[in-house]
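Protein chains: 2
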Amino acid sequence: MTYSALEEHFRRLSRLEHLDAIASWDEAAMMPPGGGAARGAALATLKGMIHAEASAPRVGELIAAAEKELGQLDPWQRANLREMKRGFIRATAVPSALVEEASLAASKSEQAWRKLRPSNDWQSFLPLLQDVVRLQREVASALASTLGLSPYDALLDGYEPGARAERIAPLFAELGRILPELIRHAIERQASQPALVPQGPFAVDSQRKIGLELMRRLGFDFEHGRLDTSHHPFCGGVPEDVRICTRYDEQDCLSALLAVLHETGHAKYEQHRPAAYLDQPVGRARSMSIHESQSLLLEMQVCRGHEFAQFLAPFLSQAFPDAARLPTSGGPSALSVENLSRVLVRVRPDFIRVEADEVTYPCHVVLRFEIERALIEGTLAVKDVPERWDEGMQRLLGLSTAGNFKNGCMQDVHWPAGLFGYFPTYTLGALTAAQLFEAARNAQPGLGQAIARGDLAGLDSWLNEHVWSRGSLLETDELVTAATGAPLGTGAFERHLRRRYLGEG
Amino acid sequence: MTYSALEEHFRRLSRLEHLDAIASWDEAAMMPPGGGAARGAALATLKGMIHAEASAPRVGELIAAAEKELGQLDPWQRANLREMKRGFIRATAVPSALVEEASLAASKSEQAWRKLRPSNDWQSFLPLLQDVVRLQREVASALASTLGLSPYDALLDGYEPGARAERIAPLFAELGRILPELIRHAIERQASQPALVPQGPFAVDSQRKIGLELMRRLGFDFEHGRLDTSHHPFCGGVPEDVRICTRYDEQDCLSALLAVLHETGHAKYEQHRPAAYLDQPVGRARSMSIHESQSLLLEMQVCRGHEFAQFLAPFLSQAFPDAARLPTSGGPSALSVENLSRVLVRVRPDFIRVEADEVTYPCHVVLRFEIERALIEGTLAVKDVPERWDEGMQRLLGLSTAGNFKNGCMQDVHWPAGLFGYFPTYTLGALTAAQLFEAARNAQPGLGQAIARGDLAGLDSWLNEHVWSRGSLLETDELVTAATGAPLGTGAFERHLRRRYLGEG
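Protein sequence lines correspond, in order, to chains A and B.
For the first sequence, this note's numbering assigns the number 1 to the initial residue and increments by one for each residue that follows.
For the second sequence, this note's numbering assigns the number 1 to the initial residue and increments by one for each residue that follows.
A portion of the hints provided could be inaccurate.
Any copy, or any two copies together, can satisfy a pair, since identical chains are not distinguished.
As the list claims (entries may be wrong) - Using 25 Å as the maximum straight-line C-alpha spacing, the simulated SDA-like pairs for lysine to any residue come out as follows:
| # | residue 1 | residue 2 |
| --- | --- | --- |
| 1 | LYS406 | ARG342 |
| 2 | LYS47 | ALA65 |
| 3 | LYS68 | ALA93 |
| 4 | LYS209 | THR229 |
| 5 | LYS209 | ALA28 |
| 6 | LYS209 | GLY219 |
I should point out that these hints are in silico values taken from the structure, not numbers from a laboratory.
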């Protein structure tokens, strides 16, 4: 049967992707610096083979033939075929020469960016970014004509299948309208609730042990995964063997830990992908926004909440008795439930997206979405990005970035690396996390108390039923609607922010 | 030019082998247990691709064409072509169906062996081993007719290119003649030189730190490699990124360290392969015996000698002050130069090869060589192996293994896994190590004193000139003769043993 041949083909591809995942994890977590050139060459060869197999004409023929036998397929198989086709079309829609040219320009620009950003050198970076944008527009246009989408949607669809700018724009506009005021009120309110920053040093080994213990308690399966150290936190590996990494700061006992919790959210999603389809497209995580929703649900919704602080505080106090004794002047300890609940939700508008709290974070994304959409649609010139950036930062966060390129439009790796259409998934993930968590709380009235005990069994079982075990069976919109009873909106996220930051409801 | 196309082909192959090496290292050193099945499948797919590319008919055509253009090639390129051809012939000489059948039987037998060895169950294991031997004889015979070699030589040649049983047999016969008496004399002599076993516990972390420090002092390049932990010590990875592993025993401060030193010998050879040919067959390490000669030269010739003990003793005493204070009854400390020099060279005939000292070790190998050669030549039946084993152990080491299969002919993974022709390389390596080290000492009169200071710069430079930098440019015999002035013999090894163990010369 044609369909079986396709399954076999994708099984083989998944094995090559397994090697890519492990070798890439190793590069970030284990490899000594001198191994870089050889690893780069090996990975490039492997990626080339993966692309060649994924775009082989035979695959297209098999897909077309299998579509004529749809009646013989069950719903998982039909969804699998749909995902296969989606991948094949994307893999073949852009001429190889253009893919190569765009990839080369991105690689050149990203390398230059690593040097030019620290020196705030926008002028030298501009022509490189112009090249990247020009080529991404060509790529977008090639994809757009095959997919019947607008150019920006054609890129977006690569990270977030089914997402459309027309659907995102009103959600983001709503955020842009409500957040500036909400941020002001939250800051005013927090001004009367001082929070002590726990004082280090915090031994890396103790931080690591707490991370491991919390991962275990929160359901990370160590038979199928590990925790290691890298320059930037990430979740990699394969579903049978999920590799998460964090980085440690001796002066800060929370940042590594929160990164571990964030990545544990990603990891649990991976570890619970549908077992029968692990090596098939339909067994993959649904999309980047759904993946981010799982990390944000664990980090932001669960672990930064005051309920979880009741579970977390004793752990930290036991591991760091010195910090738990502060302040010596009396009042609640820096590692008390009360103080931790405050420290974990501080709001502060700032320049850098990756360091932003959950209230200001969407403003960073809204700004990037507006700009990158205009760049790809051709209504904004690359040279005009800094001005537009400054205008947006003033409007959304009240900060001026004039002349401050390195902490402005040059701060992220995404654009230098040619990743346009990626940013929206962060905030779609935050909205989805809030909407899923609200639905789970409504379904499980005792969830708050369970979280205060560090018991996520009930939450996990809800998530497994509604998200994890479904892989890519449903489209993203269908998944969210089926799980929460409504399409994705800003309501749950706004209610969450108003409850946590303004004490409403 | 045809030759360039071949280089490109082998460059690509080396990149796939890079991924194999790293994923295999990860499997042994990092992977959680639940990742095994997916990793096995991924590696099998990769190995299949490597085999398909290595045996593609196009490669044979290119080699044949390049051989007509020999005049255009320099000596390295000619040697590269020779090595390419050697690999291609081996990769294509055996029908795929037979390769697969033999590999399946070996995998089945190895898995059964893991359970049957602990229960000493030779009778259940016998039919599985018979299958393996039958199929290895078929493989040998297919190779033999293509290569114009005897069946055993055809297998041997896969591990040790150019080696022939007729050349090994007299060397091993000589060892079988001189070693039993030498062992007796060494034991008698050591009876009057008691050695204290250093008493633990020895914290794993301290052991690891000493290992890392010695690796650094002895020239391991950490820009291009790492040290980790696994069940069995090994040296893996790629020349640009060598991964060595050891395992730790809290009661023994020497076993992990000596394993590190052994693997460091392998690692330095890999790290000094000729840079211009790292991704070509001619850039590979010359053979298994030469590889083993480098690990044994460092571990046995250098690090277990009394000169090195002068360098080693202070390290250990500083790391393990408690053990250094023993015995409290007076006399030299267990970690003194004097005692360490004795502990490191204790001779004791025993059943297990992998735990044997350097004097008794060759007896284990001589026995296995005799038996496996007879098995492949068909002059010994598998069912008669235990009897033959017992006879050999009595003759060579004065030990009876009657009925003790698990510590007798079932002790090694090699035969269950279908690896016939592999064992001789261990002892060829020991002979080569002695011969190379003797030549290096003759060339560098101050070498002994340098070793006592832990300074291997002179030795490394000699090894680099005569072994490491040559890759596979020369055949093994040529390499040994060029480096030492004579073909491989037993003389240097015997002189080494008589000097170290009998105090002669």
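Do the hints match the structure? See the list:
{"no.": "1", "hint": "LYS406 / ARG342", "result": "neither (30 Å within a copy, 64 Å between copies)"}
{"no.": "2", "hint": "LYS47 / ALA65", "result": "neither (27 Å within a copy, 31 Å between copies)"}
{"no.": "3", "hint": "LYS68 / ALA93", "result": "within (22 Å within a copy, 44 Å between copies)"}
{"no.": "4", "hint": "LYS209 / THR229", "result": "both (13 Å within a copy, 19 Å between copies)"}
{"no.": "5", "hint": "LYS209 / ALA28", "result": "both (21 Å within a copy, 23 Å between copies)"}
{"no.": "6", "hint": "LYS209 / GLY219", "result": "within (16 Å within a copy, 33 Å between copies)"}
In terms of the numbered hints stated before, the structure departs from hints 1 and 2, listed from lowest to highest.
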